Amino acid sequence: QYARARERFDDARRANPDAVLFDEQDMNLKGYEVLQSGDPNGAIALFTMNVDAYPASANTYDSLSDAYLAAGNRNEALRFAEKALATLDADTQTPAEFRRAIRESAEKKIRDLKKMI
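In our numbering, the protein residues as written are 1 to 117.
What the hints contain is simulated information worked out from the structure, not anything from laboratory work.
These numbers come from a predicted model, not from an experiment.
No farther apart than 27 angstroms at their CA atoms in a straight line, the calculated lysine-lysine pairs in the DSS-like style are these:
| hint | residue 1 | residue 2 |
| --- | --- | --- |
| 1 | Lys30 | Lys83 |
| 2 | Lys83 | Lys114 |
| 3 | Lys115 | Lys83 |
| 4 | Lys83 | Lys108 |
| 5 | Lys30 | Lys108 |
Cβ-Cβ distance ranges computed for the label pairs, FRET-style:
| hint | residue 1 | residue 2 | range |
| --- | --- | --- | --- |
| 6 | Asp112 | Arg4 | 32 to 40 angstroms |
| 7 | Ala19 | Ile117 | 33 to 41 angstroms |
| 8 | Gly72 | Ala19 | 31 to 39 angstroms |
| 9 | Asp112 | Leu21 | 28 to 36 angstroms |
Even glycine gets a Cβ: it sits at the ideal position worked out from N, Cα and C.
Build the full structure now, drawing on both the sequences and the hints.
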């Protein structure tokens with residue numbers, strides 16, 4: 001099911017790279033629903049599409065990091081937590097309070113993951 005969604009996403013982006021195919025927050029919520037249902041790989045698929053659709057959003061990278069962490073892939077979890085931090089300062093669409101929460105989340109994951117890797 002996620003492979004088909006990805007295929008449709010890629011087809012639509014090729015047809016119109018600027019098309020808004022879904023709302024960032026809606027996809028993020030769906031990704032966390034899938035993650036909480038016990039399907040980290042499905043969540044990774046959804047969060048990856050969200051990152052691809054909204055590459056300037058630090059939140060998309062932080063969420064993808066959470067899914068990789070749940071899947072047990074510490075290296076990718078670390079990589080995307082670091083990407084969330086790197087993207088955060090230029091992310092002007094996210095409210096300041098939420099940006100602080102993203103920063104705290106990403107920094108904690110980075111600290112914890114660096115101890116494990």
